[in-house]
Amino acid sequence: MRDVKDRIEKLKKAINKYRYQYHVLNKLEISEEALDSLKHELKKLEDEYPDLITPDSPTQRVAGKALKGFKKITHIVPMLSLEDVFSEEEFSDWEKRITKLLHISKTPELF
Numbered sequence: 000m001r002d003v004k005d006r007i008e009k010l011k012k013a014i015n016k017y018r019y020q021y022h023v024l025n026k027l028e029i030s031e032e033a034l035d036s037l038k039h040e041l042k043k044l045e046d047e048y049p050d051l052i053t054p055d056s057p058t059q060r061v062a063g064k065a066l067k068g069f070k071k072i073t074h075i076v077p078m079l080s081l082e083d084v085f086s087e088e089e090f091s092d093w094e095k096r097i098t099k100l101l102h103i104s105k106t107p108e109l110f
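As numbered in my numbering, residues 0 to 110 make up the sequence shown, in order.
Hints in this document: simulated from the structure, not taken from any laboratory.
Backbone N, C-alpha and C fix where the C-beta goes; we use that ideal spot for every residue, glycine too.
Derived DEER-like restraints, expressed as beta-carbon distance ranges:
| no. | residue 1 | residue 2 | range |
| --- | --- | --- | --- |
| 1 | Glu40 | Ile75 | 31 to 41 Å |
| 2 | Leu24 | Phe85 | 23 to 33 Å |
| 3 | Ser91 | Glu47 | 17 to 27 Å |
Under the rule of at most 25 Å between Cα atoms (straight-line distance), these lysine-lysine pairs were calculated in the BS3-like manner:
| no. | residue 1 | residue 2 |
| --- | --- | --- |
| 4 | Lys12 | Lys67 |
| 5 | Lys42 | Lys99 |
| 6 | Lys16 | Lys26 |
Please take these sequences and the hints and turn them into a complete structure.
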């Protein structure tokens, strides 16, 4: 269990560092895919060990602050995200959530 706690802490620290670089400094030392992989690993561990989830975990909040100079706007159409989908099962779950959110009975063919 100690190894899991240590890994979760390392993941949180790394993800926070890379998110800050990406969202505040507009740079990134690693690829977005690598960052997504770290976030996915953390989420998986937290799903397996929910008692180790803390309020400061990157899985418990939206990324970082926007860079200065951006104006806040309201979108007519919701800006939707794949939310770090890594498998067909996760995609199917995401598709169901979006279908429900948009109040549509069938999603359009994507492929």
